[in-house]
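Let's have the full structure, built from the sequences with the hints guiding it.
There are 6 protein chains.
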Amino acid sequence: MLRRMSSYSGQKLATVVKELENFAPISWAEKWDNVGLLIEPHREKQITKILLTNDLTEPVINEALEKDVQLIISYHPPIFKPLTRITQSHWKERVVAACLANDIALYSPHTAWDKANGGVNDWLSEAVNRIISIRPLEPELGAPPGTGSGRFIETELELSQIVESLQKHIKNSVQIASAVNHQPNTLIKSVGICAGSGGSLLKGIRADLIITGEMSHHELLEFTHNNTTVLLCNHSNSERGFLTQFSPKLAECLKGTCEILVSDKDKDPLVTVAKNLDKEKNIFVDAYIQ
Amino acid sequence: MLRRMSSYSGQKLATVVKELENFAPISWAEKWDNVGLLIEPHREKQITKILLTNDLTEPVINEALEKDVQLIISYHPPIFKPLTRITQSHWKERVVAACLANDIALYSPHTAWDKANGGVNDWLSEAVNRIISIRPLEPELGAPPGTGSGRFIETELELSQIVESLQKHIKNSVQIASAVNHQPNTLIKSVGICAGSGGSLLKGIRADLIITGEMSHHELLEFTHNNTTVLLCNHSNSERGFLTQFSPKLAECLKGTCEILVSDKDKDPLVTVAKNLDKEKNIFVDAYIQ
Amino acid sequence: MLRRMSSYSGQKLATVVKELENFAPISWAEKWDNVGLLIEPHREKQITKILLTNDLTEPVINEALEKDVQLIISYHPPIFKPLTRITQSHWKERVVAACLANDIALYSPHTAWDKANGGVNDWLSEAVNRIISIRPLEPELGAPPGTGSGRFIETELELSQIVESLQKHIKNSVQIASAVNHQPNTLIKSVGICAGSGGSLLKGIRADLIITGEMSHHELLEFTHNNTTVLLCNHSNSERGFLTQFSPKLAECLKGTCEILVSDKDKDPLVTVAKNLDKEKNIFVDAYIQ
Amino acid sequence: MLRRMSSYSGQKLATVVKELENFAPISWAEKWDNVGLLIEPHREKQITKILLTNDLTEPVINEALEKDVQLIISYHPPIFKPLTRITQSHWKERVVAACLANDIALYSPHTAWDKANGGVNDWLSEAVNRIISIRPLEPELGAPPGTGSGRFIETELELSQIVESLQKHIKNSVQIASAVNHQPNTLIKSVGICAGSGGSLLKGIRADLIITGEMSHHELLEFTHNNTTVLLCNHSNSERGFLTQFSPKLAECLKGTCEILVSDKDKDPLVTVAKNLDKEKNIFVDAYIQ
Amino acid sequence: MLRRMSSYSGQKLATVVKELENFAPISWAEKWDNVGLLIEPHREKQITKILLTNDLTEPVINEALEKDVQLIISYHPPIFKPLTRITQSHWKERVVAACLANDIALYSPHTAWDKANGGVNDWLSEAVNRIISIRPLEPELGAPPGTGSGRFIETELELSQIVESLQKHIKNSVQIASAVNHQPNTLIKSVGICAGSGGSLLKGIRADLIITGEMSHHELLEFTHNNTTVLLCNHSNSERGFLTQFSPKLAECLKGTCEILVSDKDKDPLVTVAKNLDKEKNIFVDAYIQ
Amino acid sequence: MLRRMSSYSGQKLATVVKELENFAPISWAEKWDNVGLLIEPHREKQITKILLTNDLTEPVINEALEKDVQLIISYHPPIFKPLTRITQSHWKERVVAACLANDIALYSPHTAWDKANGGVNDWLSEAVNRIISIRPLEPELGAPPGTGSGRFIETELELSQIVESLQKHIKNSVQIASAVNHQPNTLIKSVGICAGSGGSLLKGIRADLIITGEMSHHELLEFTHNNTTVLLCNHSNSERGFLTQFSPKLAECLKGTCEILVSDKDKDPLVTVAKNLDKEKNIFVDAYIQ
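Just so you know, the protein sequences line up as chains A, D, R, G, U and Z, in that order.
Here the first sequence is numbered in the numbering used here, starting from 1 and rising by one per residue.
Here the second sequence is numbered in the numbering used here, starting from 1001 and rising by one per residue.
Here the third sequence is numbered in the numbering used here, starting from 2001 and rising by one per residue.
Here the fourth sequence is numbered in the numbering used here, starting from 3001 and rising by one per residue.
Here the fifth sequence is numbered in the numbering used here, starting from 4001 and rising by one per residue.
Here the sixth sequence is numbered in the numbering used here, starting from 5001 and rising by one per residue.
I should point out that these hints are in silico values taken from the structure, not numbers from a laboratory.
It is possible that some hints are incorrect.
[Claimed, not checked] Cut-off 27 Å, straight-line C-alpha distance, at most; resulting in silico cross-link-like pairs (DSSO-like, lysine-lysine):
no., chain 1, residue 1, chain 2, residue 2
1, D, K1081, D, K1171
2, R, K2189, R, K2067
3, Z, K5203, A, K81
4, A, K203, D, K1045
5, G, K3281, G, K3249
6, R, K2189, G, K3281
7, G, K3045, G, K3031
8, G, K3049, G, K3012
9, A, K267, A, K279
10, R, K2267, D, K1092
11, D, K1092, R, K2045
12, A, K267, D, K1203
13, R, K2267, R, K2168
14, Z, K5203, A, K31
15, D, K1203, A, K92
16, A, K171, D, K1171
17, A, K81, U, K4031
18, U, K4067, D, K1203
19, G, K3081, Z, K5203
20, U, K4031, A, K45
21, R, K2045, D, K1067
22, U, K4045, A, K67
23, G, K3092, G, K3267
24, U, K4255, A, K45
25, R, K2081, D, K1031
26, D, K1092, D, K1049
27, D, K1045, R, K2092
28, A, K203, D, K1092
[Claimed, not checked] For the chain Z half of the interface with chain G, some residues (derived, Cβ under 8 Å), not all of them:
no., residue
29, V5096
30, A5101
31, S5200
[Said to hold, decoys possible] Residues from chain U that keep clear of chain Z, each with C-beta distances beyond 12 Å, as calculated:
no., residue
32, T4057
33, F4223
34, G4256
Glycine included, each C-beta is placed from N, C-alpha and C at the ideal position.
Below, the structure is given as structure tokens:
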């Protein structure tokens, strides 16, 4: 493959990793998580092009090969269940093999970014467009103020206003589980936020509203019977938008030495079908975009 | 409260239970499940009115009190985590207390109905409107043919045809996670069915399409990378329609001695918001119905 | 049923519970225990009559219905193994159903009362009628002095004197396991007390004498070989007498607004038969009373 | 110590062990049990004198030393919790050290004898003096008929008749927990038998009456609410009488080569005190003997 | 790197794997083991050169790169503890990364080869140069005769004869733990064989002699007190010699299409130092070779 | 047996034990260990002769009986797995029975001696004949300085110098696993020491060299790939030499009242065979001695 000349001077991998951990140290990640530098190539390369993605799916690894990047930052760790082998039989092993064969490094921040001040949960919180106060649900001990798991927001908005602004923020349809006594015009004074799967972190919190990615049926009933309405974005739609916000920040940290791309192919696997399909493009269209 | 005279002669509770177990013996239920007669009142009453519901929420128990029923059949067991006390602090305890205070019996079939021939999974399978063959994913040993967990269907339909007929069957919007290489006109030849949460039963099966109630983000990615498209109905929308089908069947088994009602208040907690709301009724409107 | 007019003004349930927890907070109870308000009726009632019992057996629940009480305080929690259903098949479920059907609340203090200063173990300690000093075996951290599990007593009495006074205190026969070298006239200088089953709390303590409710054969041999004599009262006979002592105390706390009854039907299941029976009454007679 | 000459020719230890295992193979013992030859001396001795005991307490080991026996058969295994050391600090270690220092072998049959046809449970069953039929509660697979755990007896006797005959059979007082609806003249048609601690083996059985050694308060309430009366003998009083019956049987098996003694010092640790004591002998007197 | 032309026509990886599993199916491996094709490159290559090694150490991976092989067969699996990342920090991750970066496949047979008829244990058994009979210690169910774990040999040789022939067979020094009563001229009639760590497989077997790779001090004392002498070869010296025997066999299976090399760099980490060192070569010299 | 008159005045067992615990309190031992006075005879004897041994094997217990000692101090506890019986079937039970039958006490210090300042690890450290600094790897909290598990030494010696001095110190052959980049003349600056089995204590430490008794193949590879050479002595050869050093120390503590012997029969079970055997004596000869 003919490599195009890059106008970026590049950085050593170690330097990029150092900048990433300046933003959110991996020591903030949950104990059960697997974060940080997950793949380091056998042949070290200068990093000139970096691809950001929420999930490192096969369409995304193909995009990375095509765009000739040296580092992928995947919010979700592609290696979660530890590997006993690396073959071509399973898609996660194929992704790992493709990285190592092509000297692509891989870094995953996951729950470290969830906790960071200015991280994923703060991005999701911006959907509430009148924030009186905001704080982590579980502050991270020894970290700067504003760091921690989830967010708790004081506000004063009608439920329907937040639904509308959330749809705009994530640019996708939203599902609502209304509290037993809530109506669209109910006044919301407190909101719990948890990007991704909120069921276990949010369990038992008292808030008028919860915004998260996904939650099970039985967890939903528990909340709606406790006077809490729940808004679901789909798992990765509650996280992905952060990458666009983070991209220029990272470029700046690296002083313009690297090109930072946000994946075109990375998207939530789920689409809510309203009408059947866009006959011309032969694709299913999300209810919201319609 | 003034009790209206009933024109139904009624049955003993034991007789109704016997008929229910004729349809689907509780021995078919999963080991982790809690099924059968869960509440038997201190003061035995003749059963003349029976309420069918998918979930015994507080709106539904209020409907039951208002309609003066003597037996509730709730597909999901309201007692799942065993109770250490029965107070007014938690909605599930309030539901149990309300039943016992008002001499209402409670029966839950759950996974016994999932497995029954002509049960919940067979009802969900009807969404595939061209069935070449159908069989349980895991047949129940010692039970009549057609009994078991999940269903596996052979068919020949385009993906978009099944999406459309599923929307009509459940009367709600549907979410789709397309397999990496699928388009709306992809020909579907095999379908895996699991009402409710399909993640663990369906794990590892080989089918072009899966229809279930809910599934996590990481389970979805696993399927879409293995050439399987997944359709999600929301948990209880994949189950609830069965009640309407079962209601006349039960009336017949009881030879018209009891009135059988299907709950008006029972509905899935989730609504997919398309546009913000129906301003006149002040309610959120599902994308599909729109 | 015609309800007799009560001359007691009554109290709200919450007020009675508050007074009970003033005497012994439920936070004192052991972690494995299930204490506090275990049943709270669907229809709240003013509490005018309270029944105290050691065990909430079926004869006692019948007594409660007959005497038309609104609250039962049962020292032992009738719900210990959590309930997966509430039917008429098992006596503990029948008791729970009877309470809820008749709007009777249920409160159980158990190990919180064991630890209270002036609680069950202090009542049992009064059997030693010369107490030089007394202290809990395991003091409760953060609680007032004299609070904790079990009791340790310094005394100077002959063994036979304590046996005799214990018989009088519990008004029942007593079983004795003499230490290998003890005689009736052995001087007892230290006594370990544990109402109920003393085996695990008392394990390894050094005392001339132990008074408890029940203990296994192999535990007894361990003590008698370590120079400790053991007196067994039968489990509930080591606890029940406290109720008579507590009854006026509770009446006073509630300022006479409620009538406090001690159950007539509550008794230890065991009777020691010496001679066969009282032919006239056709009952077995305890060896002590004879 | 001057050893008296014995008129018994004696046997090798291995021969005696073989005869014992002919009566009840140790393979019949429960998995959790520790049975068979537990101590085999460093210096092998001819066995001329054997001491039978229910519990190998310190008074009994002293009796053994005084009577100069070469083998002790202790129904209960003196080593149950495995030993990490053998010192003079704990009575069970002292017993083991005394055996080994004096070349005394030790054999324990325990649950193997419980199951044997003609063993401990059959001896206890003789207290029911009208046996219509008798069978093990849990037959031992592959063993001769009549072998197994516990016994189930069909009879027709009044409750008070069995109480009286049990007192005579064990020569001690008895405790009775009457079923909620039983009187002394209730007709007993079925009896469950379990020597020792019957709680776990007897759990859930259906019988009018249970005879066992000891049982906890909460187990007793469970039985009395299920129409079963329970008679307690105290643990070892439900077992000990078998030794007197077994002694001549063993003598015969060994063809008179060994002298067989039943311990004088072995007795249940518990005595039920009715009146205080026998002033002359300065001992507590059991309620029954009085 | 300039690749030398190979005169071997080569094979597809799948074909080589098939031949390897013809010799010893991976289904024979122990449950805890991790065997078979562990690394399959992202870019498939024709296999013309194969390197056999006992352990895939860093000297061996360097040899593989230098010799430009496409497949390594490493008896011990280099991935045993599953990997959560693949970086340059740990030697096992470096080995995996080097394989994937250079399109080298990796296959590990381990316990499948131990069990194979004509496998590792049979090779080790050849050290006993008079075999009257030989059979697996634990035959593999459903496999051809002679397949299974360990070997049991009947022979008639003096102990010193076997020691000498074992030294020659493994070409290394040997350690001996003599049974309490054995001398060099003791006649050995039975031998237990277990390549690698024999402690758990050989536990409790009855043999005059055991030959294995390594065993702990406390395991050795157990055997020497049970009349069993143990010969230790060091772990990999009890396995490595098989590779030389297997190499031509594999060449033949592949019909000469691939070149088969046995690693030069693979050796046991341990050397027994006799005198200090070979001053000229500046290396430690094994006691045997001296 | 005719007992020779002893010129030693002797001590009470309790006094000797007290002196031993002055040297190294048993509270220092690891939690999983079984140390202190393990056997205390039924008949107390004055201690005039004490035998020190590393392992209490059957040859050593026979030596003890022959030499008529009253106390054995065995570094390794002969009772490790707790005993359920003490018969003549297993060598460890035979050893215990022999002690108790002959009134021999037994004391085991094990890991308490490993940690002691001046204990087993300090003795092994003396093999490094130029110690710049020395400290425990894991200091014992609350104990005097220099107490703790393992040792860490700073030195400056060539590898071959340490190998030679270790051979002399333990008077046996040594095995060496050279770090991937080490040669005999590599300069060693840091040494980790752990008598016995060093695998778990030494895991992950950073040192140029490790000296221990035994270590598994896979542990060795881990060290040699992390630039650490390992020297193995065989388990008990890394411990035994301490006894000779401790013997006069103990004599002094006991003020000459007891004779202290070091066992003649105690030796490591393993011998490294160099040439076949010493034909005259008919024994295998260690490579080192040759």
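Ascending list of hint numbers which this structure does not respect: Violated: hints 1, 2, 4, 5, 7, 10, 18, 19, 20, 24, 31, 32 and 33.
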